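Chains A and B, in that order, give the protein sequences.
One rule links them: number in the numbering used here = place in the first sequence (from 1) + 18.
One rule links them: number in the numbering used here = place in the second sequence (from 1) + 18.
Everything labelled a hint here was simulated from the structure, so no lab data went into it.
Small disclaimer: the values here were computed from a predicted structure and weren't measured.
Heads up, a few of these hints could be off.
Note that the list lumps identical chains together, so a pair holds whenever it fits in one copy or between two copies.
What the hints assert, rightly or not - Below, computed lysine to any residue pairings styled on SDA-like, alpha-carbon distance capped at 20 Å:
1. Lys134 - Tyr65
2. Lys134 - Val22
3. Lys134 - Asn158
4. Lys21 - Lys154
5. Lys184 - Asp236
6. Lys280 - His307
7. Lys280 - Arg353
8. Lys134 - Tyr327
9. Lys200 - Asp260
10. Lys259 - Ser234
11. Lys107 - Asn324
12. Lys21 - Ile157
13. Lys280 - Gln302
14. Lys126 - Asn68
15. Lys107 - Glu88
16. Lys118 - Arg168
17. Lys80 - Asn68
18. Lys35 - Asn68
19. Lys126 - Asn64
20. Lys107 - Asp119
21. Lys222 - Ile194
22. Lys357 - Asp195
23. Lys80 - Gln159
24. Lys21 - Lys333
25. Lys154 - Thr169
26. Lys338 - Asp174
27. Lys184 - Lys218
28. Lys21 - Leu132
29. Lys107 - Lys118
30. Lys21 - Ile330
Number of protein chains: 2
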Amino acid sequence: MSKVSLTKISEILGMSKSTVSKALNNYADVSPGTRKKVQDLANELNYKPNIFAQNLRSQESKIIGLLMPEIVHYFFSTIISGVAETAEKYGYSVIVAQTKDDYKNEIKQLELLLDKNVDGILLSLADDTIHFNHVKDVINQGVPFVLFDRTSKLIDCNKVVIDDVKAAQMATQHLIDIGCKKIAIIRNQLKSQGTIDRHKGFKKALLENGMVYDKSIDFEGRDFSFSAGKIAGNKICESHKDVDGIFALTDLMAIGALEALKEHNVAVPDQVSVIGFSNWFLTQITTPHLSTVDQPGFEIGKAAFNLLYQEIQNKKNNVKEASKTIVIPTTVISRDSTK
Amino acid sequence: MSKVSLTKISEILGMSKSTVSKALNNYADVSPGTRKKVQDLANELNYKPNIFAQNLRSQESKIIGLLMPEIVHYFFSTIISGVAETAEKYGYSVIVAQTKDDYKNEIKQLELLLDKNVDGILLSLADDTIHFNHVKDVINQGVPFVLFDRTSKLIDCNKVVIDDVKAAQMATQHLIDIGCKKIAIIRNQLKSQGTIDRHKGFKKALLENGMVYDKSIDFEGRDFSFSAGKIAGNKICESHKDVDGIFALTDLMAIGALEALKEHNVAVPDQVSVIGFSNWFLTQITTPHLSTVDQPGFEIGKAAFNLLYQEIQNKKNNVKEASKTIVIPTTVISRDSTK
DNA sequence: GTGAAAGCGCTAACAT
DNA sequence: ATGTTAGCGCTTTCAC
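Model the full structure from these sequences, guided by the hints.
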């Protein structure tokens, strides 16, 4: 690597290491002449400070850890992108890791990140994480820590989320606004907070518009996949011909429903309007293009890093702040599947 | 962080730091009794070695850098996943960064990675990178370095690629095998090596089957997007009704073409068969499901890390090896858009 | 304005 | 089997 050390420069110049260090770091108490001499030589020799030594002194790495359920996942990849780009502005790099939605793995990955002495951690909880001691341990160790997207009320820390209730309510309201009278919902089991909240928002919208929530057109899939959506779509086509609007809790489910409707020759949006959730890339290339709720991953990632950065600063300055939760706004994106 | 240092343990136990260090690292020349005493106390105090100190001593970080054109990109995200999972097995973590397909940014990101003293770098070249001094500099500095997917013959280093010629040839052969007589190709400009090679493979397949390459049904889009594919698809429907097979160099283009065919009421695969390239997730949820060429990102990432790891070992042991190029096999995936 | 010296926490060559 | 010592490369008092 860079063989030129501070010591080497100091020897060549016949000065002490400390003077060289100060000159390089633009300290005030170095004469302009000395400073110039040092900096010129440093440039000439292409001097790069040894980060390992700096890290040891400062006890910080300028690296943060980003841990989430899946890497191969449109939404989470937009988060990586948002975190990485924001981190870069502050001189931080990002180690990326995934839990594969597995609790045990989450514990392990968290451990690995700590072992690398990251300056802070960003985490989106695994689906099956219901105990939080591993997370609380990290926080109690004083490691700057922010939860994003999949969070838990049982953990006291900074968080970045969207308002699922409101987002789902707006999506449903959109269907109502364009004239839907009989709206079905396609969802997965009411387990994760996100699903629960979206379901809540759906019912809230119906209620506020004087519509009844009809349990028979509330479809629960075994997951939130394309095929779960298709199965529900098929049921709608076969047994609930009066349905004129579908709210699917994920884009994948919505696209599955779209396919079922197509196969039953039900026109979208003329007979049935469909709206999804997340604004994945693929919603722009379905036929018809899918209306959805934009869940801005890049913004969430950006906000999460900023919050973490604030925590890192606070830690350095020994200030304690109460935990906050930042809510990133979502918007309904109206495309060709609703009208 | 962990306040328990080696020194602290040695003081408590009244031994020297070196003995404690040896005991902890299971050196042979420590008495079993001592070893146990040390390890027990270390466990009790939850001792974690300070990585910064270890890094400084060993001059290695056990972190590698992964730099690629885009993070929000199905194929590249599978690569991240493959790299991260493989790296973990060897105790390495992965810093992820993107160039946004910009040459200047590639230089900058490479610099940032070096500044973090990563033990090695994995790079997939930006589209508009035509000078390679920044890359050669890294290699000449002795930093373990592997190029993957988007590589260049002008750089001498280890590489992981697919055989684009062969893959395209197989895709075309698949169309021929199912009876296509008039095959159009949809591509972007013949700039990147990947595009050039796929184009070559296409023509090779035609030639080997005694078919003529017809320039009038070789469609060049301005990029490799959905809309570029759709534009080409429209032209085919309007002016080349005898086309019965389409090979699109990317899945996105293929899906665009699919949409055009649909709008012109051309039946797929009955009238026209369509095959894409890459096996992005979304090919599984189009109607009809898209046949494609699997470009296994996870495997590529895995191979790239393994190669890099080998280089890291070689560097430690002062052995030099000639550069190799690993070719990851691709397969044609036949779905509903070809028959 | 400059330099000497200590120390961050660890490992390893070299005694003993 | 254990301890001494030096050193990785940097920053930061503190003295001059």
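Tested hints:
For the identical chains of this complex, Lys134 and Tyr65 are inter-copy neighbours only, at 15 Å across copies versus 26 Å inside a copy, given an alpha-carbon limit of 20 Å. In this homomeric assembly, Lys134 and Val22 come within 20 Å of each other (Cα to Cα) only across copies, at 16 Å, whereas the closest approach inside a single copy is 26 Å. Proximity of Lys134 to Asn158 under the C-alpha cut-off of 20 Å is restricted to the intra-copy arrangement: shortest distance 18 Å within a copy versus 27 Å between copies. Proximity of Lys21 to Lys154 under the C-alpha cut-off of 20 Å is restricted to the inter-copy arrangement: shortest distance 18 Å between copies versus 42 Å within a copy.
Proximity of Lys184 and Asp236 under a CA criterion of 20 Å is satisfied intra-copy only: 19 Å inside one chain copy versus 49 Å between copies. In this homomeric assembly, Lys280 and His307 come within 20 Å of each other (Cα to Cα) both inside a single copy, at 13 Å, and across copies, at 14 Å. Proximity of Lys280 and Arg353 under a CA criterion of 20 Å is satisfied in both settings, with 17 Å inside one chain copy and 19 Å between copies. In the homo-oligomer, the alpha carbons of Lys134 and Tyr327 lie at most 20 Å apart both inside one protomer (18 Å) and across protomers (18 Å), since each shortest distance falls under that limit.
Taking identical chains as interchangeable, the C-alpha atoms of Lys200 and Asp260 lie at most 20 Å apart only when both belong to the same chain, with a minimum of 7 Å there against 46 Å between chains. Proximity of Lys259 to Ser234 under the C-alpha cut-off of 20 Å is restricted to the intra-copy arrangement: shortest distance 12 Å within a copy versus 48 Å between copies. Proximity of Lys107 to Asn324 under the C-alpha cut-off of 20 Å is restricted to the intra-copy arrangement: shortest distance 10 Å within a copy versus 31 Å between copies. With identical chains, the CA atoms of Lys21 and Ile157 are at most 20 Å apart between copies only, with a shortest distance of 16 Å across copies and 39 Å within one.
In this assembly of identical chains, the alpha carbons of Lys280 and Gln302 lie at most 20 Å apart whether taken from the same copy (17 Å) or from different copies (16 Å). Within a single copy, Lys126 and Asn68 get their C-alpha atoms only as close as 30 Å, which misses the 20 Å cut-off; across copies the closest is 19 Å, which meets it. Proximity of Lys107 to Glu88 under the C-alpha cut-off of 20 Å is restricted to the inter-copy arrangement: shortest distance 18 Å between copies versus 25 Å within a copy. With identical chains, the CA atoms of Lys118 and Arg168 are at most 20 Å apart within one copy only, with a shortest distance of 14 Å there and 28 Å across copies.
Taking CA atoms no more than 20 Å apart as the test, Lys80 paired with Asn68 passes in both settings, with 14 Å inside one copy and 16 Å between copies. Within a single copy, Lys35 and Asn68 get their C-alpha atoms as close as 14 Å, which meets the 20 Å cut-off; across copies the closest is 25 Å, which misses it. In this assembly of identical chains, Lys126 and Asn64 lie within 20 Å of each other by CA distance solely across copies; the values are 16 Å between and 40 Å within a copy. With identical chains, the CA atoms of Lys107 and Asp119 are at most 20 Å apart between copies only, with a shortest distance of 19 Å across copies and 30 Å within one.
In the homo-oligomer, the alpha carbons of Lys222 and Ile194 lie at most 20 Å apart inside one protomer (12 Å), although the nearest pairing across protomers, at 56 Å, exceeds that limit. For the identical chains of this complex, Lys357 and Asp195 are intra-copy neighbours only, at 9 Å inside a copy versus 44 Å across copies, given an alpha-carbon limit of 20 Å. Taking CA atoms no more than 20 Å apart as the test, Lys80 paired with Gln159 passes inside one copy only; the shortest distance there is 18 Å, against 23 Å between copies. Proximity of Lys21 and Lys333 under a CA criterion of 20 Å is satisfied inter-copy only: 16 Å between copies versus 34 Å inside one chain copy.
Proximity of Lys154 to Thr169 under the C-alpha cut-off of 20 Å is restricted to the intra-copy arrangement: shortest distance 13 Å within a copy versus 44 Å between copies. In the homo-oligomer, the alpha carbons of Lys338 and Asp174 lie at most 20 Å apart inside one protomer (13 Å), although the nearest pairing across protomers, at 52 Å, exceeds that limit. When the C-alpha separation of Lys184 and Lys218 is checked against a cutoff of 20 Å, the pair qualifies only within one copy, where the shortest distance is 9 Å, while the shortest distance between copies is 53 Å. Taking the shortest alpha-carbon separations for Lys21 and Leu132, only the inter-copy value of 14 Å comes in at or below 20 Å, while the best intra-copy value is 30 Å.
For the homomeric pair Lys107 and Lys118, the shortest alpha-carbon distance between copies (16 Å) is at most 20 Å, but the shortest distance inside one copy (29 Å) is not. Taking the closest pair of Cα atoms, Lys21 and Ile330 come within 20 Å of each other only across two copies (18 Å); inside a single copy the shortest separation is 32 Å, beyond that limit.
Consistency note: the structure conflicts with none of the earlier hints.
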